[in-house]
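Keeping their order, the protein sequence lines are chains L and F. With the numbering used here, the residue at position 148 of the first sequence is 148, and numbering never jumps. When you read off a place in the second sequence, starting at 1, and then add 444, the result is the number in the numbering used here.
Worth flagging that the hints you see were computed from the coordinates, not collected in a lab. The beta-carbon is built from N, C-alpha and C at its ideal position, and this holds for glycine as well. Be a bit skeptical, because a hint or two may be false.
Straight-line Cα separation of at most 25 Å, PhoX-like style, residue types lysine-lysine; simulated pairs [stated by the list, open to error]: (1) K324(L) - K338(L); (2) K857(F) - K324(L); (3) K338(L) - K787(F).
In silico contact screen, one side only, chain L against chain F (beta carbon under 8 Å); selected entries [said to hold, decoys possible]: (4) L358; (5) G363; (6) V365; (7) Q370; (8) L371; (9) E372; (10) I373; (11) A375; (12) D377; (13) C380; (14) H382.
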Amino acid sequence: MSAVMQSVTSHDSYLTGLLPATVTAQTATPEWLTALRADAAQRVRALPFPTTRDEEWRFSDFSLMCKTTFAPAIAAATLTTADIAPFLLPEATHGRLVFVNGVHAQHLSSSSLPQGVIVTTFTAGLASETLRTHLAQYATFQNEAFVALNTSHAHDGALVVLGKNTACATPLHVLFVSTASTTPVATFPRCLIVAEPGSECTLIEDYVHLSTTRTASTYFTNAVTEIVIAENAIVRHTRLQRESSSAFHVGHAAIHLSHNSVYDSNSITFGARLSRYNLNIIQNAEGANCTLNGLVLISGRQMADTHTVMDHTQPNGNSAQLHKCIVDGGAHAIFNGKIFVRKDAQHTHSTQSSRNLLLSNKGRVDTKPQLEIFADDVKCAHGATVSQLETEEMFYLNSRGLNANTARNLLIYAFAEAIIDKVPVNSLKQRLSQKVSSQVGEVV
Amino acid sequence: MSSALETLINRPYEYGFVTDIESDALPKGLNEDVIRLISSKKNEPDWLLEFRLNAYRHWLTLTPPEWANVAHPKVDFQDMVYYSAPKPRKKLASMDEVDPELLRTFEKLGVPMSERKALANVAVDVIFDSVSVTTTYKDKLAEVGVIFCSFSEAVKQHPELVKKYLGSVVPTGDNFYAALNSAVFTDGSFCYIPKGCRCPMDLSTYFRINNGESGQFERTLIVAEEGSYVSYLEGCTAPRFDTNQLHAAVVELVALDHAEIKYSTVQNWYAGDENGVGGIYNFVTKRGLCQGVNSKISWTQVETGSAITWKYPSCVLIGDNSIGEFYSVALTNHHQQADTGTKMIHIGKNTRSRIVSKGISAGQSNNSYRGLVKVSAKADDARNYSQCDSMLIGATCGANTFPYIEVHNSTAKVEHEASTSRIGEDQMFYFASRGIGAEEAVSMIINGFCKEVFNHLPMEFAVEATQLLGLKLEGSVG
Numbered sequence: 001m002s003a004v005m006q007s008v009t010s011h012d013s014y015l016t017g018l019l020p021a022t023v024t025a026q027t028a029t030p031e032w033l034t035a036l037r038a039d040a041a042q043r044v045r046a047l048p049f050p051t052t053r054d055e056e057w058r059f060s061d062f063s064l065m066c067k068t069t070f071a072p073a074i075a076a077a078t079l080t081t082a083d084i085a086p087f088l089l090p091e092a093t094h095g096r097l098v099f100v101n102g103v104h105a106q107h108l109s110s111s112s113l114p115q116g117v118i119v120t121t122f123t124a125g126l127a128s129e130t131l132r133t134h135l136a137q138y139a140t141f142q143n144e145a146f147v148a149l150n151t152s153h154a155h156d157g158a159l160v161v162l163g164k165n166t167a168c169a170t171p172l173h174v175l176f177v178s179t180a181s182t183t184p185v186a187t188f189p190r191c192l193i194v195a196e197p198g199s200e201c202t203l204i205e206d207y208v209h210l211s212t213t214r215t216a217s218t219y220f221t222n223a224v225t226e227i228v229i230a231e232n233a234i235v236r237h238t239r240l241q242r243e244s245s246s247a248f249h250v251g252h253a254a255i256h257l258s259h260n261s262v263y264d265s266n267s268i269t270f271g272a273r274l275s276r277y278n279l280n281i282i283q284n285a286e287g288a289n290c291t292l293n294g295l296v297l298i299s300g301r302q303m304a305d306t307h308t309v310m311d312h313t314q315p316n317g318n319s320a321q322l323h324k325c326i327v328d329g330g331a332h333a334i335f336n337g338k339i340f341v342r343k344d345a346q347h348t349h350s351t352q353s354s355r356n357l358l359l360s361n362k363g364r365v366d367t368k369p370q371l372e373i374f375a376d377d378v379k380c381a382h383g384a385t386v387s388q389l390e391t392e393e394m395f396y397l398n399s400r401g402l403n404a405n406t407a408r409n410l411l412i413y414a415f416a417e418a419i420i421d422k423v424p425v426n427s428l429k430q431r432l433s434q435k436v437s438s439q440v441g442e443v444v
Numbered sequence: 445m446s447s448a449l450e451t452l453i454n455r456p457y458e459y460g461f462v463t464d465i466e467s468d469a470l471p472k473g474l475n476e477d478v479i480r481l482i483s484s485k486k487n488e489p490d491w492l493l494e495f496r497l498n499a500y501r502h503w504l505t506l507t508p509p510e511w512a513n514v515a516h517p518k519v520d521f522q523d524m525v526y527y528s529a530p531k532p533r534k535k536l537a538s539m540d541e542v543d544p545e546l547l548r549t550f551e552k553l554g555v556p557m558s559e560r561k562a563l564a565n566v567a568v569d570v571i572f573d574s575v576s577v578t579t580t581y582k583d584k585l586a587e588v589g590v591i592f593c594s595f596s597e598a599v600k601q602h603p604e605l606v607k608k609y610l611g612s613v614v615p616t617g618d619n620f621y622a623a624l625n626s627a628v629f630t631d632g633s634f635c636y637i638p639k640g641c642r643c644p645m646d647l648s649t650y651f652r653i654n655n656g657e658s659g660q661f662e663r664t665l666i667v668a669e670e671g672s673y674v675s676y677l678e679g680c681t682a683p684r685f686d687t688n689q690l691h692a693a694v695v696e697l698v699a700l701d702h703a704e705i706k707y708s709t710v711q712n713w714y715a716g717d718e719n720g721v722g723g724i725y726n727f728v729t730k731r732g733l734c735q736g737v738n739s740k741i742s743w744t745q746v747e748t749g750s751a752i753t754w755k756y757p758s759c760v761l762i763g764d765n766s767i768g769e770f771y772s773v774a775l776t777n778h779h780q781q782a783d784t785g786t787k788m789i790h791i792g793k794n795t796r797s798r799i800v801s802k803g804i805s806a807g808q809s810n811n812s813y814r815g816l817v818k819v820s821a822k823a824d825d826a827r828n829y830s831q832c833d834s835m836l837i838g839a840t841c842g843a844n845t846f847p848y849i850e851v852h853n854s855t856a857k858v859e860h861e862a863s864t865s866r867i868g869e870d871q872m873f874y875f876a877s878r879g880i881g882a883e884e885a886v887s888m889i890i891n892g893f894c895k896e897v898f899n900h901l902p903m904e905f906a907v908e909a910t911q912l913l914g915l916k917l918e919g920s921v922g
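The shape of chain L in the complex, shown without the other chains (with noise of 0.2 Å):
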């Protein structure tokens, strides 16, 4: 008993380590800011370190990072643009942001966009209005020890600016790049998008690896995305979590959107040991309208948990979801989508599909799609479906000629591909496919 009691004492303080050593070192930080990470600081020191015990980490039980000391990342190694070339995008030359082991390089990132979209730092856009705006505005972390201690670290993260009524033609690139360390290295990616009205584009916010062997291959990537979209603007966000099969991701986006604005999010998942994504969307003006379309493909000892929360507040809003976990091995997908319909959304249409493949008999799916309703003339409806591949479609597909194996593989791709089609940039929808496939074996 009283090893389980220190060791639960443990895992509380835990995140306390990983606090930055000293808010005010960095130079040139503005007052606020220094402000905002000491509270946030604080909140890392109140909150406890989330258990199984906690309904909303029910299912996802992180103890096991517990285990690993990590270290805080500190410089940039040194990369070149041919390092990263796998994942660069020929679509998104103009504006792209790299960020390596949380460290922004330079010489590795590009801006040469039209007027009126900024593409920067937090360090460069430090002087700015809108950071000071917007940054921890929506992403609240009184609640959310994760948060908070992303927070306590905000200094060096992605500013994207979108000003009023500028559609960006071209995808906006966010990578961030984790590199094999001899020390487990903890980093804190942050992202503020703000759309300002009438303005469009089409963000990809990525998170990638560069480690090859097993040991090199531990790190912690503690994210936090916010995004603003103001009157009749428009943002696609696609988000792609590839980190290594021994890194642990915890990330969390929260997205804002005034009236009529659009959000459509594809957030797939590939990698993480263990991995956590909380998408936190809030419609707080009439007529906002979201998509929201989720993959997981893990396999062997992976976990990967998505939290969704759509949160109707105002008459006439849209959402549409569909999130797809194919499991493979002893992987273990979780699920959990809120819907909620305030008193006042009257008129809200919104649907939700939650549909998994479990391939292995050693594998998990805890799936919970939640509803709560208060208002009465709307349309919600959900679903949830846990399964293995049909064996009516298995034995069409044999009728024709393909063998058991491909068959199997050729379904599972379909299956997978309905999300990844819906990836708005064309390079990268080829390079997921193929990257499905390779994960599911050959297809024809």
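Given the coordinates of chain L, work out where chain F should sit on it, guided by the hints.
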């Protein structure tokens, strides 16, 4: 919501009255002495006292669950009477000897306990404030070997059966309220269907809470031996009181090989007035164990009463090919809160479960479906289908669904779907244009919505349930 949909009258709770019978009640409060006293008043064997005390000691270590989507002031468990029995009388030879006041009560409730019930072919074990007063048709059931009696009688007549199965489905420490029930339960029903017997009639119990301050802690245990079948009906009403009353029952079902138990409930306890004052707290643990191969347990419930309902009739599917079913209509109006649903735990191979839940919320009420479908690693080829539909009447109520799906086996097939809708003005207009009044129209729409569940109710319950829903919704739609 149109003005036409807002003007229906509130019909007061018909069954709100207190029967004036002297009752033999213990003082308020709970401690080991109270439990010993309950046990000795009931002349219980030592093992049962031990069972109660173990439960009580475990209960002391537990805290009331707070995860449910309901809000209520803390229940003071020391401010409650744990035993109240109508003053004992001489053994009754016939119905004529029963307290006429009591008979009148049942008359008002519409419980046709006398000859009329015989024609309806139903045996009624009447629970009146915790102690079973009379049981009918025991002889007829005894002919085929069915034991259907009060729990206290079962403890005396069939201690080996009670000892074997009591707490085997819901262990004493299962949850806060089950532990409390195990410690202080005063009476309930016991039912044993012997091997290969198809119970010749529907067994039925009418529960009634009477004493204003007594929490009601019944215990029901139904054992269906190999190849047997029983249909069990439970119906409830309670008089009107302003202090909240706690009701924490435990129902245990055991189905052995090839056995089938069908358990139907219509619950219409006092739900508090339109301002949310008073009403019953209904915190019930109901669980069925499909222990044998090819066994089947089916729960059908119509929940319309209680200020707060906290109830999850569950099936543990252990036997291969066993089947669990749950059909539910939960209706909340005014300030009622319901957090109800089911758990289907698949353990055996080829186990199947089906969940159909219909929630209707009106007034300022809050109605939640909370369900768990769990397929364990060894439950090959398990199959589940769940459907949860909600209907909202008015803009101030809430409907929530919290389905938990946990799958550990790749051969499982689990489906869940849920939808939310309301009674639209266009629908009302359609009825109105055909000369059908608002009240009747709502009743027809609601009954159509619930038809899938009502189809699974025994005939007489189905009729009652249809009327009950219409009655309960008066005042919320119109």
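Do the hints match the structure? See the list:
1. K324(L) - K338(L): holds (16 Å)
2. K857(F) - K324(L): Within the cut-off at roughly 15 Å; holds.
3. K338(L) - K787(F): Distance of about 20 Å is within 25 Å: holds.
4. L358: holds (4 Å)
5. G363: holds (6 Å)
6. V365: V365(L) check passes; min Cβ-Cβ to chain F is 5 Å, inside 8 Å.
7. Q370: holds (5 Å)
8. L371: holds (5 Å)
9. E372: holds (4 Å)
10. I373: The hint holds - I373(L) has a Cβ within 8 Å of chain F, the shortest such distance being about 5 Å.
11. A375: Nearest chain F Cβ about 6 Å off; hint holds.
12. D377: holds (6 Å)
13. C380: holds (4 Å)
14. H382: Hint on H382(L): holds, closest Cβ of chain F at ~5 Å, below 8 Å.
Hint violations for this structure: none, all hints satisfied.
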